[in-house]
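Novice: The residues making up each chain are set out below.
Number of protein chains: 2
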Amino acid sequence: MADDGPSRRFSAAQLRTLTTAIFQAAGAPPATAELVASSLVTANLLGHDSHGVIRVQEYCEEIAAKTLVPDARPTVLAETPTTATVSGHWGFGQVTARYGAEVALRKAQEANVAVVGLVQQNHIGRLGEWSALLARAGLVGMVVTGGWRPPAVSAAPFGGAARILSTNPYSFAIPTGRHDIVLVDFATTVSAEGKVRVARAKGVPVPPGVLIDKQGRPSTNPDDYYEGGALLPAAGHKGYALSVVADLLSILVGADVHGRDWNCTGSFLLALKIDAFRPLAEFAAAADRRLDEVKAVPPAPGFAEVLIPGEPERRSQVERERDGIVVPAATWQALSRTGDRLGLDVERLAAS
Amino acid sequence: MADDGPSRRFSAAQLRTLTTAIFQAAGAPPATAELVASSLVTANLLGHDSHGVIRVQEYCEEIAAKTLVPDARPTVLAETPTTATVSGHWGFGQVTARYGAEVALRKAQEANVAVVGLVQQNHIGRLGEWSALLARAGLVGMVVTGGWRPPAVSAAPFGGAARILSTNPYSFAIPTGRHDIVLVDFATTVSAEGKVRVARAKGVPVPPGVLIDKQGRPSTNPDDYYEGGALLPAAGHKGYALSVVADLLSILVGADVHGRDWNCTGSFLLALKIDAFRPLAEFAAAADRRLDEVKAVPPAPGFAEVLIPGEPERRSQVERERDGIVVPAATWQALSRTGDRLGLDVERLAAS
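Protein chains in written order, with this note's numbering: chain A, 292 to 643; chain B, 292 to 643.
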C-alpha cells in the first residue's frame, strides 16, 4: 500500500459538515446531503466503519457514473393498505430506505402490520438504521436486502465453489424499556468483503472459515478471494438459506424487473405494531425482565460480560461522541481527495 | 446403553396407523390423532427424525402428566383484521400450529399480510410444516418459536458460560415454480440437543464449536453438556441475536403471560400474499431463474452438487416413500412400549 499519511480524529459534527458539503457539491439537495451524511457518520459512531464515511468516495463515483441520481425523490409505485412498492429512482439508498420505512410505519400504525418493498435503490447503508426507525416508534422492524447480480456477487452457496450470492443482510429491531432497542444487523456471510480487503492490505491471513479459493477449497489467504474465490455463508447451510430467502424477497418486491445491470437489489421491510398484541409498556417491562436474565449469565473465558444485541453499538456511540471518530489514513485520503475534486476547502470544513 | 434389539423398517402408512392408534388410545380424538401422527411421520419422511415418531413417547408422557390436553381445541383469544392471538389451550402443538397457520392464511388472503401469535402451545413439531402450509397456498410463510424458561433451556448466549436460551428455531417457506417450495428451517444453535444425545450414546465426541462445558470452555465431550454445559449459538453473535429476537417475539405475542412453569413458549407466524406485490406465476418464474443460477454453481470439493433449501427434504421423501423409514432400535422400543402400556397390539398395527 502507498503511504497514506497518518490517521485523523474528528468529531461527528466535523465529519457531518464535511460530508454534507461533499454531497451538496456533488449535486445533492441540502436536506438529502445532510440525511446521507448523518447516516454515514452515525454508522461510524456506532462502530460500523464499513458503513461510514468510507462510502463517500464510492457514492460520489456513482454520481459521476450516473448510476446514483443525487436529487432523485422516492415514490410509491403501488400500494394496498398493508403493502407498498417504493422506487428510489436510483437516488441515495438512504433516502429510499428512510422514505420506505416511513411508509411502512404509517401503514402499520393504521393496519398493525405492513410490508414495504424498495426497488431501484442504491446502497441503503446500515439496515439497522431503518429497523431502528420503526422500533423507536414502538414497532418491531425487520429489514432484509438481496438481489445483487453477477459480477457484483461475493458469496458461494453452501457446498458450492463459486460466487453467486451477496452478503444479503438481515436486521431486526425491537423496542424494550431499560434495555433500549434490541438491534440485530448481520450479513449472511461469515465476514464482510471489507474485512477481507483490510486483511489483504495488512498482509495478514483471514480466519479459517471465511473464504474459499477459486477451486472451492478452504483458504485463509485474502488474495484468493480476489483471484476468483468466494465468501462463505455464516453457519453453512443456515446462512446460505437466509441468503437465498433474501434474494427471493428482492424478487418478490419486483427488484429484478426494476433493476439494471448488476443492481437488481431490493429491500423488504416489515413493520409490526406491538400494541396490536399487548400494550407497549407491558411488553417492554416483560422484555426487560427476560433480557436481565440473559445479561446475568456469567461470561465465558475471554469475555468480560454478556452483551444484548445493540449494546456494543450503544457503547461505541458513547465513546466516539466523547473521544471523536478515528478516520484511517486511506479513508481520509479518499475523503479529502473527493472533496478536493469538487473544489471544496476540505481542511476548513473538517475543522468547523 | 442397553441392548435395544435391531432397528426396524416401516412404510409411512404403517407408522401413521400405529401412531394414530397410540394417540387415540391416549385420549386424542380421531382427527387429532391422525393429524399429529401424520405430522410426525412426515418429519421422518423428510429426513428429520428428531421431529418424527421419536416424539410419541414424550407426547404420551405429557398427556399422562396432564401438561398436554389431547382433546383441547385452539381458539382465537384476540384479533384484528391483520393479527390474531391463538391459544392452543395446551393441546398438541401441531393442532395449535395448524389452526394458527390457517388463521394467518385466511387473514393474509383478505389483508395481504397477517401475523398470528400462538400461546399455550406444546411442541409444534417441524416449523417448516406450518410455513410450507402457507407457501402451498401461494404465500410467503415465516415461523419463529421461542420462550422456553429455565430449567428447560439449552443454549448459552454469545460470550456466556451458562444456559439461558433454547434452540429457538426459524423457518421461511416461499413457493416457486419448478423448484417447488424453498424451505428453510433451522435452530439458532449450531446443533440440536438430540445430536449431542446421539453422540453420547455412541461414545463419540461432537464436532468443535457445538458445546461449552459448565465453565464456559469449548468442549467436544457430549457428557459436558449434561454436566452443566450448554449448546453454542450458530455463527456466534448472529445465531445468538436471532435467538434473543425469537424470545422477544414470544413475549410480544403474550406467551409469557399465558405460560406455565418452564413452558412460556410462543410462536410467531407471518403470512404474506405474494400477489400483493406481483402475480404469483410471474414471481415463480423469476424465482426459478434465480434458483437455476444458484443450482448451476459447481460443487466445492466434498460436495456432489449445490442444493436449494428444501431440496434435501424432498429427496429424502422420495427415498423413504419408496424404501420405507428405518426406525432405530431405541426409538422402536420406546414407541412399542408406549403402545403396549396403552393396551395396543403394536405388532399388528405396525404391520397393517
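Some hints could be false.
On the chain B side, residues computed to face chain A include the following (Cβ under 8 Å) [to be verified]:
| hint | residue |
| --- | --- |
| 1 | THR374 |
| 2 | GLY451 |
| 3 | GLY485 |
| 4 | ARG488 |
| 5 | GLY507 |
| 6 | ILE542 |
| 7 | LEU563 |
| 8 | PRO590 |
These are computed hints drawn from the structure, not numbers from a lab.
Note that the Cβ used here is the ideal one computed from N, Cα and C, for glycine as well.
Novice: Could you work out which of the previously given hints the structure breaks and list their numbers from low to high?
Specialist: 3 and 4
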